Every structure is written in C-alpha cells, then in structure tokens.
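> Listed here are the chains, written in short residue letters.
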Amino acid sequence: MYAYDQYDQAMVDARVAEFRDQVARRLDGRLSEDQFKPLRLMNGLYLQLHAYMLRVAIPYGTLNARQMRALADIAEQYDRGYGHFTTRQNIQYNWIKLADAPDILADLARVEMHAIQTSGNCIRNISADHLAGAAADEVCDPRPYAELLRQWSSFHPEFSALPRKFKIAVIASEADRAAMRLHDIGIRMVEREGTLGAQFYVGGGMGRTPMIAPLIRDFVPVDQFITYAEACLRVYNRHGRRDNKYKARIKILVHELGADEYRRQVEEEFAHLLTLGIEPPRAELERIKAHFGPPIHAELPPLTAQAGPSDPAAFAEWRAANVLPHKLPGHVAAVISLKPIGGIPGDATAEQMRVIADCAALYSADECRVMHTQNILLPHVREADLPALYARLADAGLATANLDQVGDIIACPGLDYCSLANARSIPVAQKISQRFAASGKGAALGELKLKISGCINACGHHHAGHIGILGVDRKGTENYQLLLGGSEAEDAALGKITGPGFDEDGIVDAVETVADLYLARREAGERFLDTYRRLGMEPFKEALYG
Amino acid sequence: MKLLTGNDLRTGAVIWWTGSNWSPHVAEAADIGSAGEEIAAREEAARRVVAPYLIDGERGPDGSVRPGHIKDRIRALGPTVRPDLTLKPADPAAGNWVI
Ligand code: HEM
Ligand code: SF4
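Chains G and A, in that order, are what the protein sequence lines are. According to my numbering, the first sequence is numbered sequentially starting from 1. According to my numbering, the second sequence is numbered sequentially starting from 1001.
Hints are computed from structural coordinates only; laboratory data are not their basis. Just to be clear, a hint being listed does not mean it is correct.
Said to hold, decoys possible - A short, non-exhaustive set of chain G residues, derived as facing chain A with CB atoms under 7 Å: (1) Lys-97; (2) Leu-98; (3) Ala-99; (4) Asp-416; (5) Leu-420; (6) Ile-426.
Claimed, not checked - What follows is a list of derived Cβ distance ranges for each label pair: (7) Glu-317(G) / Ile-1039(A): 58 to 64 Å; (8) Ala-1041(A) / Glu-542(G): 39 to 45 Å; (9) Ile-278(G) / Lys-1002(A): 42 to 48 Å.
Said to hold, decoys possible - Taking lysine to aspartate or glutamate and the EDC-like style, the derived pairs with C-alpha atoms no more than 16 Å apart in a straight line are: (10) Lys-441(G) / Asp-516(G); (11) Lys-431(G) / Glu-317(G); (12) Lys-37(G) / Asp-1031(A); (13) Lys-97(G) / Asp-1008(A); (14) Lys-431(G) / Asp-509(G); (15) Lys-431(G) / Asp-503(G); (16) Lys-37(G) / Asp-21(G); (17) Lys-37(G) / Glu-1028(A); (18) Lys-441(G) / Glu-317(G).
Computed from a predicted structure; not experimentally measured. Note that beta-carbon positions come from the ideal geometry of N, C-alpha and C, so glycine has one too.
Go ahead and model the full structure; you've got the sequences and the hints to work with.
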C-alpha cells in the first residue's frame, strides 16, 4: 500500500492546523458562515439534516487495518458509533460537532488520511477497481496510476476552481468494476503491442443528465498519462459552463461540443503541454509502484489446521456468493457484505469496522477496500483461511451471502439524512431486501443490481441499476420512479423510466413484479438485464400497469 | 403557524425557536408570526444558530406542533431508520408522526 512521504504528511498536517484556526475563528465570530462555509467544505464538512456531516477520502478505496481502526475510533469517539460507506469508496459520518472537526482531522492525519477535496468544484477522491492487484484480468495494478493522479490533483492550483466537481476512476481490465464510464474521466489501463498505456473516456456522469462517457483517446502512452489528463481538464476549465450549475459538468461540454470537437481541442492542448514537460518523472511512478507489490503473507502466523465452520451449509453458500477468484494460486478475494437483510446499505458500526480491520490484518495482507457497491473487499485472502474468516465475519453479522444479488442494494442516505433529498431511500431498500429474503427468491434471481437514490443527483447510481429507483417529491409526499435496464459495468447503459411512480409500498411490489416477470420469461443463462434487453420495456410495463 | 429552525452552530444539532430561546424539541417551538427574519438574523449574528430558516407548521388540537414538510419532521425527530438515535428512542411508533 502507498505510504505517505514527508511531503504528503506535511501537506496534510498543515491543512489540519489551518482548519483548526478557521474553526476557532468561526466559533469566536471572526468568520461569518458565508466566509466559513467554503472553508469547511474544502475539508469535507457539510451541514446536513441532523448535524454536520464529514466525508473522509479513501483514495481508491484502500485502507489498512490501522486506518480502518482509526475510522472506527472516530465513529465511537465523535459520532454515534457508526459510519456510512459510499458509492465513491469514501466514508461519511452523520453526527459531527463543529468543535470536534479539527481533532478528527488530526486523528485522520495520524493514519495518513484526510477529508481534502471531498467537496467543492475540484478533482475529488480518485476511485479504482476494488479488485486492483488481485484480478486475473488486469493488465497492471491500476492503483499506482490512481495514486499518481491523486498526487497530481491534490491542491492542483489550476483545477481548484473548476466549473463543477470532477470525478475520476481508473481500471485496468476489460471488465469494469468501478463504473468507469460514468465518471467525468474514466481511465482504463491497456496494453498495446507490449506497451502500457491508457484509454481515456471523458464526459460520463450521473446526476440530472446522465451520460455514458465516449472514448476520447484509445491509447495514451503511460509516460504521457498525466499530461493528457491535464489537457482534458484544461479544455474543460476553459470552456465548461460556469453560468449554469446544471450545465457545468464536463459531460455537458463534451455533449454540446461533440466528442470529435472536444477531442480535437484536447489534442491541441496536449501537443502544447508536451512541449512544457509537465509529466512527473518516471522515477516518481516507480517510487509509487514499489508500494504496491504482491500481497505479503510472510508475517502471518502459519496456517494451523482449521476446524470446519460450525454451519457448513451457510459457509458454502457464502463462499459461492461472496468469494472471487484471485490471480495468485491459492488466493481469493472475499466480499464482506454491508447489506444484512433489512439493514442500512453501507452502514457499519465501530465494532464491525474493528472486525473488518482484524480480518484485513490477519487474512488479507493488511488491506481492505471499500467497494463502490458499499461493501468491503478483502483483496488477498489465502483460500485455506476462508473458514476461519467466515466464522469471524458471521459472528459480527458481516457474512450475508448476497454479492450482486437483489439484496445487495446500493442506497444513498436519502431523506433520512440528506438535505437535498426528495424521498427516503433507506426504508425502501430495507423493505425490498426483507421482501426477497422472505420469499427466498434472491439466489434464484442471480445477478440483479438494484440501486436507489433519494433525488435526481443520483448518488445511489439509480440510472445504472439493472433496476433503479429514484425518489421524487409528489406534492409533498414521497414517490418513487422505477427504472429498468441500466448498468455501470463494461456493458454500461442508462436505465429507462417505466412510467408513473409508486408510493413506498407500491415500489416494493413493483420490484417484485418485474423480478417475477424475469423469472417467468428468462432463457437459460440470462441475467435480469439480459432478459430485459431481449424483451424490451413493453412486457414489463404491461405487468406493472396492466 | 410559522416556525423558525436551524442548527446549533457548535454541535450542528437541530433546534427550534421557542419565543425566547432555542430548544431541540419541536414541541416547544413558538409561532413566530412575522418576526422570523429579524430574529433569525439576530440569532445568527450572535452565533447561536447556523443556517436558520422559516417554515410553515400546524398546531394540532392537542397543542402539538407539526412542521409542514416531511423533511422538517425528519429533522425534528431524527432518522426514521434509526429509532434508537431519534429524540424518542423508547417510542417505536414515533416514526409514524413523520409520515
Ligand atoms: C448527504 C450528503 C450528500 C450531498 C449533499 C450530495 C450531493 C450531490 C450532488 C449535488 C450531486 C450531483 C452533482 C451533479 O450532478 O453535478 C451528487 C452526485 C453524486 N454523489 Fe452525492 N451527495 C451526498 C452524499 C453522497 C453519498 C452518500 C454518496 C455515495 C453513496 C454520493 C456519491 C455521489 C455520486 C456517485 C454522484 C453521481 C456521480 C456524478 O457526480 O455524476 N454522494 N451528490
Ligand atoms: S441522491 Fe440526492 S438524496 Fe441521495 S445522497 Fe445524493 S443528494 Fe442526497
């Protein structure tokens, strides 16, 4: 894993001291809220429904055990004993006191973490494939490139006041596990004739105008990678619309210019930038890469004979559902579900975070990953350790066997926590999860990605759900629109609205109706999404609205 | 009735104007009539509240106060999905008031 050097640490420490001073000046009245608000947002501190909310950056979702324990301590000491893992691989705390915020940032800095650039019109936390370094299908580990981007984008003076927020994701395989094409820039590391480079997809996003990013360049040599990213940002910074917040994202610029014209302008800027020699030295990339070696299990205690799990059937079910292949022989990656039946998607208690930290330390070469699906992945587990790992997780309520199934729902905080919400997301997720658990259809339905947002901002990725749900406000009451056919994976697609919305119970019935139709009409080997694509919207509409 | 609400600057807690002070309990909120803007500005300047705003509410026959919008009812009670963290953790039916 990457470890801060003296520059990283000095930057973060300086920011903590600066924010401590700003908070003191806010509390004693030297700063007004108008003056202070942009400063607190630069440190991830929002004001939400019940209190201040702190969003902590988790670069490419990667944490070691010590960091996860620090997150648990913060939940316990400064919040109400839990945190919410998000679709951008970050964590949010919902009950923060302003006066505590500087101490929290200081605690984070001690474990090489911060909340910088988790808000505002800057380059946000870089996300990446959660299977980075473990996936057999990757051409390289994408994390060094994500880390290089993190360093380039941190406090980048030219890009600290962009027209709008900017999100980048990096992957390194054909399979897309990071919703790459739904980011402002999606980067796929590729190999061409033995040379490593990057594909750049630019202008994707969700929100009120969802778009799938077009391919802007098929191959950027790896030693021009940052320069190309800089060119993409420069064209956006120059021409992105600052007059209208709803048209300010890069997706609108790329769409309005057209991919060809945007590409032409980027290429022109790129050619100019190449003459300036802004690419970081190769030695820096090599320095970073050295931090991301293969998993080292040498310090782990030698495997002892494992007692079989106490419930072999449950273990087998979990293993079949939540364990993924690894590129190293004898290894696997294991997904820790934060989606217990009827639970709050993405929430983990301080106790659970500590169990996750222990498991990462003991069984996964001291590493875990926050997944964009709001689960936690242990990337490097020895297969022989699975029974012991399972036992530990099951004890902590962390062994729900439902990866990518209908119960593995993505849900944003919605109206229970979020001041921008139109409707609650979490209770809908809970009811759907309970309904399918009770009917026992979850496993039979197979891969079925369900995603819920409480408003058009789409933090819950509803456009990209095989089934998506969007909360809207209908004359002061909560109402839910149903979308079908979205995907955030390599077959990226945007869901379509079925028709009139439903109330809270109606939407649960509606999801069951479309799931049943799939079960009745599917052909061998088809997922829900495949059946929908074959049949089209009509039969689903017919079943829903008669 | 008109209600004045906001968050405590220091803690972020939801608070309601009682006519003379701030309370975490919406039940103690006063009808502020047309004086809202002025009190909000004064209290904000005194750093007792952050992001104050005025809302419509209703007073029930039993004297209870009910904010007009579901968002403010959720603010008044707490997250409906965590009854243990609301202002009425012992009352399992408290969430019904929100909807
Ligand atoms: C509760 C506080 C939050 C606020 C105020 C907030 C605000 C917003 C806004 C305004 C947008 C729309 C941006 C645009 O379209 O230009 C947005 C998008 C998004 N947010 Fe949030 N959000 C919050 C929480 C979250 C959470 C909890 C997650 C993860 C579960 C998240 C992840 C995202 C993602 C993935 C998008 C869409 C991607 C895109 O930018 O196009 N946000 N958010
Ligand atoms: S989608 Fe809307 S309701 Fe949900 S977290 Fe984002 S801004 Fe809030």
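> Compare the structure with each hint and give your call.
For each hint, the structure was consulted:
The beta carbon of Lys-97(G) is positioned within 7 Å of a beta carbon in chain A (closest approach about 5 Å), and the interface hint is therefore held. At a threshold of 7 Å, the smallest CB-CB gap from Leu-98(G) to chain A is about 6 Å, leaving the interface hint in force. For the restraint placing Ala-99(G) at the interface with chain A, the shortest Cβ-Cβ distance is roughly 5 Å, inside the 7 Å limit, so the hint holds. Against a cut-off of 7 Å between C-beta atoms, the interface hint on Asp-416(G) holds, since the closest Cβ of chain A lies about 4 Å away.
Hint status for Leu-420(G): violated, given a least beta-carbon distance of 10 Å to chain A, over 7 Å. Annotation: Ile-426(G) was flagged as interfacial toward chain A, and the flag holds, the nearest CB pair being 5 Å apart, inside 7 Å. Range check, Glu-317(G) to Ile-1039(A): Cβ separation about 59 Å, and the 58 to 64 Å hint holds. Range check, Ala-1041(A) to Glu-542(G): Cβ separation about 57 Å, and the 39 to 45 Å hint is violated.
One distance hint, 42 to 48 Å for the beta-carbon pair Ile-278(G) and Lys-1002(A), is violated here, with the actual separation near 57 Å. Our distance criterion of 16 Å between C-alpha atoms is met by Lys-441(G) and Asp-516(G), whose separation comes to about 9 Å. Of the supplied pair hints, the one linking Lys-431(G) and Glu-317(G) is violated, its CA atoms being roughly 23 Å apart against a limit of 16 Å. Restraint check for Lys-37(G) and Asp-1031(A): not satisfied, since their Cα atoms lie roughly 29 Å apart, outside the 16 Å limit.
With a C-alpha separation of about 9 Å, the suggested pair Lys-97(G) and Asp-1008(A) falls inside the 16 Å cut-off, and the hint holds. Annotation: proposed proximity of Lys-431(G) to Asp-509(G) holds, straight-line Cα distance about 10 Å (limit 16 Å). Among the hinted pairs, Lys-431(G) with Asp-503(G) is consistent with the structure: their alpha-carbon atoms are about 13 Å apart, no more than 16 Å. For the given pair, Lys-37(G) sits about 14 Å from Asp-21(G) by alpha-carbon distance, which is consistent with the 16 Å threshold.
For the proposed pair Lys-37(G) and Glu-1028(A), the alpha carbon gap of about 29 Å is over 16 Å, so the pair is violated. The straight-line distance between the Cα atoms of Lys-441(G) and Glu-317(G) is roughly 14 Å, inside the 16 Å bound, and the hint therefore holds.
Checked against the numbered hints above, the structure violates hints 5, 8, 9, 11, 12, 17; every other hint is satisfied.
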